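One letter stands for each residue in the lines below.
Number of protein chains: 2
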Amino acid sequence: MTHSDTKTRILDCAEQMFAREGFHNTSLRNLTTLAGVNLAAVNYHFGSKEELLQSVMERRMLPLNEIRQTKMREVTKQARELDALPAAAELLRAFVVPTLEFKNSSPGARDFITLIGRSLSDPDETVRHCFLTLALPTFKTLFTGLEEALPEIPSEILLVRMQFIMGTLSHVMCTSHQHFFHSPEFPQPLTPNALIEQLMIFIQAGLEAAR
Amino acid sequence: MTHSDTKTRILDCAEQMFAREGFHNTSLRNLTTLAGVNLAAVNYHFGSKEELLQSVMERRMLPLNEIRQTKMREVTKQARELDALPAAAELLRAFVVPTLEFKNSSPGARDFITLIGRSLSDPDETVRHCFLTLALPTFKTLFTGLEEALPEIPSEILLVRMQFIMGTLSHVMCTSHQHFFHSPEFPQPLTPNALIEQLMIFIQAGLEAAR
DNA sequence: ACCCGTTTTAAACAAGTGTTTAAATAAACA
DNA sequence: TGTTTATTTAAACACTTGTTTAAAACGGGT
Chain A
0 MTHSDTKTRI LDCAEQMFAR EGFHNTSLRN LTTLAGVNLA AVNYHFGSKE
50 ELLQSVMERR MLPLNEIRQT KMREVTKQAR ELDALPAAAE LLRAFVVPTL
100 EFKNSSPGAR DFITLIGRSL SDPDETVRHC FLTLALPTFK TLFTGLEEAL
150 PEIPSEILLV RMQFIMGTLS HVMCTSHQHF FHSPEFPQPL TPNALIEQLM
200 IFIQAGLEAA R
Chain R
0 MTHSDTKTRI LDCAEQMFAR EGFHNTSLRN LTTLAGVNLA AVNYHFGSKE
50 ELLQSVMERR MLPLNEIRQT KMREVTKQAR ELDALPAAAE LLRAFVVPTL
100 EFKNSSPGAR DFITLIGRSL SDPDETVRHC FLTLALPTFK TLFTGLEEAL
150 PEIPSEILLV RMQFIMGTLS HVMCTSHQHF FHSPEFPQPL TPNALIEQLM
200 IFIQAGLEAA R
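First to last, the protein sequences are chains A and R. Per numbering that gives the first Met the number 0, the first sequence starts with residue 0, numbered consecutively. Per numbering that gives the first Met the number 0, the second sequence starts with residue 0, numbered consecutively.
Keep in mind that the hints are not guaranteed to be accurate.
Pairs involving identical chains hold if they fit within one copy or between any two copies, as the list cannot separate such chains.
[Said to hold, decoys possible] Below, simulated SDA-like cross-link-like pairs (lysine to any residue); rule was C-alpha separation at most 20 Å, straight line: (1) Lys48 with Asn24; (2) Lys139 with Pro186; (3) Lys139 with Gln177; (4) Lys6 with Asn64; (5) Lys48 with Glu20; (6) Lys48 with His23; (7) Lys102 with Arg19; (8) Lys102 with Leu194; (9) Lys139 with Phe180; (10) Lys70 with Thr137; (11) Lys139 with Leu189; (12) Lys139 with Gln187; (13) Lys70 with Pro97; (14) Lys6 with Glu49; (15) Lys139 with Thr174; (16) Lys139 with Ser182; (17) Lys6 with Gln177; (18) Lys48 with Arg28; (19) Lys70 with Lys102; (20) Lys6 with Arg58; (21) Lys139 with His181; (22) Lys139 with His178.
Read the hints as simulated data drawn from the structure, not as lab findings. Owing to the predicted nature of the structure, the values given are computational and were not obtained by experimental measurement.
Let the hints inform the model, and build the full structure from the sequences given.
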């Protein structure tokens with residue numbers, strides 16, 4: 000077993016267990032057993048359980064942020080070339096769609112999305128801080144983009160609406176695989192793609208609401 | 000110290016700690032120390048830590064559900080008397096406003112709202128199940144009310160939109176006291192009442208979106 | 001005063017926690 | 001090849017977890 004083999008096996012299993020059982024409910028003994036590595040490997044390769052969480056988040060957040068930032072900048076840049084305002088809907092798409100499509104990008108990405116979808120409201124300060132440090136610059140890009148796209152909406156209103164959008168998105172990220180309402184009393188759930196389109200319609204309408 | 004004194008002191012502290020530290024991150028030793036009762040009191044009065052969680056949730060969920068159900072039924076009943084469709088916005092208000100105003104109803108209610116706001120996406124099956132069992136009938140009432148109010152929207156679309164609303168609401172419930180974006184780069188947050196009104200505007204627009 | 005059911009208490013239980021250690025092994029380079 | 005890093009291993013460490021136990025204290029009724 001090579002060096003990076005052990006590290007990525009730990010990262011993969013940590014991602015899965017942190018997402019499915021929660022960070023605090025995951026013990027290093029269960030984690031290392033599932034990964035097929037020695038108990039001490041986590042502390043040797045990552046330092047501590049918390050630093051492992053940070054590595055789990057960084058591994059996929061950095062590439063995901065890169066994608067979202069690029070797409071958002073494309074939208075604003077193309078608008079400037081046409082001397083027009085960027086469309087709020089396109090900015091939202093540039094942020095939301097890559098995030099949700101990220102689930103299909105690799106086997107563990109689905110768990111990763113669940114994990115970060117829960118991070119904003121996690122009771123543990125460590126988890127929240129770890130996530131926010133990675134996410135804030137991207138949030139900021141979205142916010143300034145939206146300010147440019149919707150100059151008629153006051154900034155403080157725009158901010159809460161963006162927070163509402165983050166709430167909706169987080170909820171979809173960490174509950175889309177659950178089945179609260181999967182009972183005969185409720186209609187069938189939508190397909191993943193239809194869900195994304197419905198989410199876009201919902202948040203765009205909310206963002207641009209009059210009044 | 001009377002019987003109910005010990006029980007309510009445990010309930011109050013459990014509510015606070017489960018909300019602020021999380022269910023699994025709260026130890027019965029810290030909890031009973033904070034409550035000023037003996038360690039064994041939890042198991043004596045409630046049976047187990049999980050049954051304590053259930054009691055914490057039931058204590059306030061049952062009255063809150065009563066309020067929301069009554070208000071929602073009032074809306075549909077008044078509409079029927081006028082031979083008109085109930086207004087979706089009023090149904091939403093009947094569900095959302097009592098929920099968020101519940102925070103000010105008593106000292107611990109703020110923590111309670113944080114706790115149940117996180118329950119839908121909690122990694123622990125026990126927590127989710129405990130909450131959903133209590134919440135599902137009220138969700139169902141809202142859903143059938145909305146079906147009546149918006150007959151032109153297909154049921155499966157209506158359901159996802161209601162889930163989006165729950166996501167937004169949950170996020171507001173458990174993060175409104177946090178301060179992600181409280182930095183000079185972002186505008187000042189709104190007052191609690193303004194936040195509620197903005198939330199109503201947002202979710203109503205999303206719910207009734209065309210297309 | 002006594003009795004009896006309820007409640008509180010301190011102690012112990014068995015199991016689990018993240019982390020550290022020092023010895024054993026493997027890999028890399030000379 | 002031998003030597004030096006890098007990695008893996010099993011064991012121990014110190015501490016925390018939820019729960020149970022049996023004795024003590026309390027409170028109301030007769």
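Non-conforming hints, listed in increasing numerical order: 4, 17
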